[in-house]
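Visitor: From first to last, the protein sequence lines stand for chains A and B. Under the numbering used here, the first residue of the first sequence carries the number 1, and numbering increases by one thereafter. Under the numbering used here, the first residue of the second sequence carries the number 1, and numbering increases by one thereafter.
There may be inaccurate statements among the hints.
To be verified - Computed footprint of chain B on chain A; a stretch qualifies when at least three of its residues, placed anywhere within it, have a C-beta under 8 Å from a C-beta of chain B:
id, stretch
1, 109 to 120
2, 150 to 156
3, 306 to 313
As the list claims (entries may be wrong) - Heads up, incomplete: computed chain B residues facing chain A, CB under 10 Å, no partners named:
id, residue
4, Lys48
5, Val384
6, Tyr420
7, Val446
To be verified - Okay, the calculated beta carbon distance ranges per label pair:
id, chain 1, residue 1, chain 2, residue 2, range
8, B, Ile9, A, Thr252, 54 to 62 Å
9, B, Asp213, A, Arg113, 22 to 30 Å
10, A, Ala152, B, Val419, 23 to 31 Å
11, A, Arg289, B, Asn163, 14 to 22 Å
12, B, Ile373, A, Ala159, 56 to 64 Å
13, A, Phe120, B, Trp429, 14 to 22 Å
14, B, Ala131, A, Arg196, 46 to 54 Å
15, A, Leu264, B, Ala131, 29 to 37 Å
Calculated directly from the structure, the hints in this document are not laboratory data. Using N, Cα and C, we set each Cβ at its ideal position, and we do this for glycine too.
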Amino acid sequence: MDLAVNADLTVIWAFVIAFAVAAYVVLDGFDLGIGLLFPFFRVGKERDTAMNAIAPVWDGNETWLVLGGGGLMAAFPLAYAVILPALYAPLIAMLLGLVFRGVAFEFRWRDPRHRAFWDFAFTGGSALAAFAQGVTLGALLQGIDVEGRAYAGGWWDWATPFTLLTGLAIMTGYALLGATFLIWKTDGGTRDDARRFARWLVPATVVALGAVSAATPFLEGQYYERWFVFPGLLATVPMPLLVVGSAYFAWTGIGGGRDGLPFLLSLNLFLLSMIGLGISIWPDIVPGRISIWDAAAPEKSQVFMLIGAGIMIPVILAYTAFSYWVFRGKTGHEGYH
Amino acid sequence: MFDQMDALILARIQFAFTVSFHFIFPAFSIGLASYLAVLEALWLKTGKALYLDLFKYWLKIFAVAFAMGVVSGIVMSYQFGTNWSVFSDKAGPVIGPLMAYEVLTAFFLEAGFLGVMLFGMQRVGKGLHFAATLMVAIGTFISAFWILSVNSWMHTPVGFAINADGQFVPAAPWTQIVFNPSFPYRLVHTVIAAYLTTALAVGAVGAWHLLKDKGNPHARKMFSMAMWMAALVAPVQIFAGDMHGLNTLEHQPAKVMAMEGHYDSHPDGAPLILLGIPNPEEKRVDYAIEIPKASSLILKHDPNAPLAGLDTIPDDREPPVAIVFWSFRIMVGIGFLMLGLGLWSLLARVRKKLYDWHWLHRAAILMGPSGFIAVLAGWVTTEVGRQPYTIYGHLLTADSASPLAAPAVGASLMAFVIVYFFVFGAGTWYILRLAAKAPHPHEAGVIEQEDGPIRTAGITPGPAQGHPADTRGGA
Numbered sequence: 001m002d003l004a005v006n007a008d009l010t011v012i013w014a015f016v017i018a019f020a021v022a023a024y025v026v027l028d029g030f031d032l033g034i035g036l037l038f039p040f041f042r043v044g045k046e047r048d049t050a051m052n053a054i055a056p057v058w059d060g061n062e063t064w065l066v067l068g069g070g071g072l073m074a075a076f077p078l079a080y081a082v083i084l085p086a087l088y089a090p091l092i093a094m095l096l097g098l099v100f101r102g103v104a105f106e107f108r109w110r111d112p113r114h115r116a117f118w119d120f121a122f123t124g125g126s127a128l129a130a131f132a133q134g135v136t137l138g139a140l141l142q143g144i145d146v147e148g149r150a151y152a153g154g155w156w157d158w159a160t161p162f163t164l165l166t167g168l169a170i171m172t173g174y175a176l177l178g179a180t181f182l183i184w185k186t187d188g189g190t191r192d193d194a195r196r197f198a199r200w201l202v203p204a205t206v207v208a209l210g211a212v213s214a215a216t217p218f219l220e221g222q223y224y225e226r227w228f229v230f231p232g233l234l235a236t237v238p239m240p241l242l243v244v245g246s247a248y249f250a251w252t253g254i255g256g257g258r259d260g261l262p263f264l265l266s267l268n269l270f271l272l273s274m275i276g277l278g279i280s281i282w283p284d285i286v287p288g289r290i291s292i293w294d295a296a297a298p299e300k301s302q303v304f305m306l307i308g309a310g311i312m313i314p315v316i317l318a319y320t321a322f323s324y325w326v327f328r329g330k331t332g333h334e335g336y337h
Numbered sequence: 001m002f003d004q005m006d007a008l009i010l011a012r013i014q015f016a017f018t019v020s021f022h023f024i025f026p027a028f029s030i031g032l033a034s035y036l037a038v039l040e041a042l043w044l045k046t047g048k049a050l051y052l053d054l055f056k057y058w059l060k061i062f063a064v065a066f067a068m069g070v071v072s073g074i075v076m077s078y079q080f081g082t083n084w085s086v087f088s089d090k091a092g093p094v095i096g097p098l099m100a101y102e103v104l105t106a107f108f109l110e111a112g113f114l115g116v117m118l119f120g121m122q123r124v125g126k127g128l129h130f131a132a133t134l135m136v137a138i139g140t141f142i143s144a145f146w147i148l149s150v151n152s153w154m155h156t157p158v159g160f161a162i163n164a165d166g167q168f169v170p171a172a173p174w175t176q177i178v179f180n181p182s183f184p185y186r187l188v189h190t191v192i193a194a195y196l197t198t199a200l201a202v203g204a205v206g207a208w209h210l211l212k213d214k215g216n217p218h219a220r221k222m223f224s225m226a227m228w229m230a231a232l233v234a235p236v237q238i239f240a241g242d243m244h245g246l247n248t249l250e251h252q253p254a255k256v257m258a259m260e261g262h263y264d265s266h267p268d269g270a271p272l273i274l275l276g277i278p279n280p281e282e283k284r285v286d287y288a289i290e291i292p293k294a295s296s297l298i299l300k301h302d303p304n305a306p307l308a309g310l311d312t313i314p315d316d317r318e319p320p321v322a323i324v325f326w327s328f329r330i331m332v333g334i335g336f337l338m339l340g341l342g343l344w345s346l347l348a349r350v351r352k353k354l355y356d357w358h359w360l361h362r363a364a365i366l367m368g369p370s371g372f373i374a375v376l377a378g379w380v381t382t383e384v385g386r387q388p389y390t391i392y393g394h395l396l397t398a399d400s401a402s403p404l405a406a407p408a409v410g411a412s413l414m415a416f417v418i419v420y421f422f423v424f425g426a427g428t429w430y431i432l433r434l435a436a437k438a439p440h441p442h443e444a445g446v447i448e449q450e451d452g453p454i455r456t457a458g459i460t461p462g463p464a465q466g467h468p469a470d471t472r473g474g475a
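Work the whole structure out from these sequences, hints included.
Guide: Now the structure itself:
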């Protein structure tokens, strides 16, 4: 009985962590994407508007990363203890990238003489963080060495052609989120630029997604069986259709009258990708090595946290929605002051 | 170049470095958020523009400090796993939930309302904006609550059992774990420290501008408010610190022995060593200036009470005495200097010379950074004093680190050092530049955006730009 309850809680916690990671990926995804595209906007009004579109919300968006990391430690301490040392170099790189990205929001206003430098730091930090997150995903998928309760590989094991591919793919996808977010939230020159970027970022994202999806099943037996043996085949057939369909309507919607549509469809591309990832690795938390039940914290810890998460996550979503609502409408049009 | 070094030492240096840098910013923003809430409340209550100007003046500084606190804080939430994975695996079931509560109840609250606080004054009503400021201030306090509970549990672990995998698992009601024996003392001591740190920084800025123009009403107001804090809160802090020390004596006597420099046991009353040079080889304090029996009087409230020394602790379970001894004296010394400054300001106030005594202003400027130094010295005392354990009495630091190669830890340490000094050096410079500008009527907000190119009015204050309410334009 106890075991059954614990097993259910473990599944719930796996979904809570997955939700936090997904929220982080799409929310900070468009922040980082705007950072990636930043140098391609004209200096002056276009750039300032692009940054103002996310200045009030980036901090809240980034907090989902802390919930993902902190929640992992709390709910799946063994996974946290194995994954973080295994991905030491990319994670440190990500953190340093986020340092530059985060301070650039404030520093560029405080130091106009060196604004070009902090704009560069904003882009460089965003690029490093996005690439490192993609590498992290790829390294998890390709498998990490575990012995006992610890990581057993070297500190360069993560560096493979596959992780290079996932790194670039995440950068492309984030850039798409950033461009379509700006189509939604700005107008004038900034929106014109964003539309131009989105036109080639939609097909680029589909290609990147296709490349990662094509490479993944051949990494290890588990993925191949998941996707090419019945009943996984049921998901394999419609998935490319849904991806291409979303991408097609996102692309045709770019010049249309509904500025929010390309962003919504880009979110849908990410949602489909994450469902695909779920199909690939469930119920493991370190693919092929550690299942969510192996890594789970004791029931007492899970219950205590679930009370907090159950009350607080809806409250957080409510005031986050309020914050977005306060800054609703086109950024370029009415500024914040 | 790091092959010859010990990965454990490098990991410890890295944690000490990143957490020390990090804590400087929360120590400031916990106090500053409350100060901003007070200023906005006074503005709403009195309608005086002076308070709004001060609010906007400090809001610009808060924005820079808070951004640095956020980015250095994210690093901390990952340091546990990257460099202390064995500790994380073992302690995760107990401290992980407390840290998750910090994210859920504090980080999101701060981040969610920060945007409204910084940029939303013209978008929401005054009452709602004040609510946002309050939420940010409360968020900083809730954050301190949880992370200090975690830290205190590592000093005074209770309510756990060890399972088959060697993990610490909760075995008592969570209230017992959260409110572990050292937590209430550490929470009070740390939060007051943050308020004092902010007060002295605000006081220094006020004093700086008073020296240039003693008639500046904004400088007068901030200096006066800061000196009230120093005068009223410094004595409270000394009392709270004493209580915290007695709690430490009960639960971590070896730490107090190191703080006091008591290598030897004193069966009939221990002396209070004011100054001296700890000599770890000979296990004695050289050139000690001491007051006989005063240590027993302070710690036991009886001059003849026996006090055990480090001779009762096995050598390999002793904390490094010299570091703890000195950092403790730096903290206490600064605490009494703060008390002195506060009393001096009271005297000036009574004589109606608060804005005239230049030497008081100069002293306040000199004391501007003292809170930060005292806070770091205090943390060094308590954290080094816990060694050689991460979880006191139960898990050795040496058994807590990740299985990483020394070059990996060394390379990341170098990267952190370079990036932190560069980035946070620049940020500190920007804060000082903002603080060097005299506060004035019609203070600009964080980012002023009007028609045409964006202008950051905070950089070039220039002529009066009118109250933001007037310049809202087509919005």
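Visitor: Taking each numbered hint in turn, which are not upheld by the structure, reported in ascending numerical order?
Guide: Numbers 4, 5, 12 and 14, in rising order.
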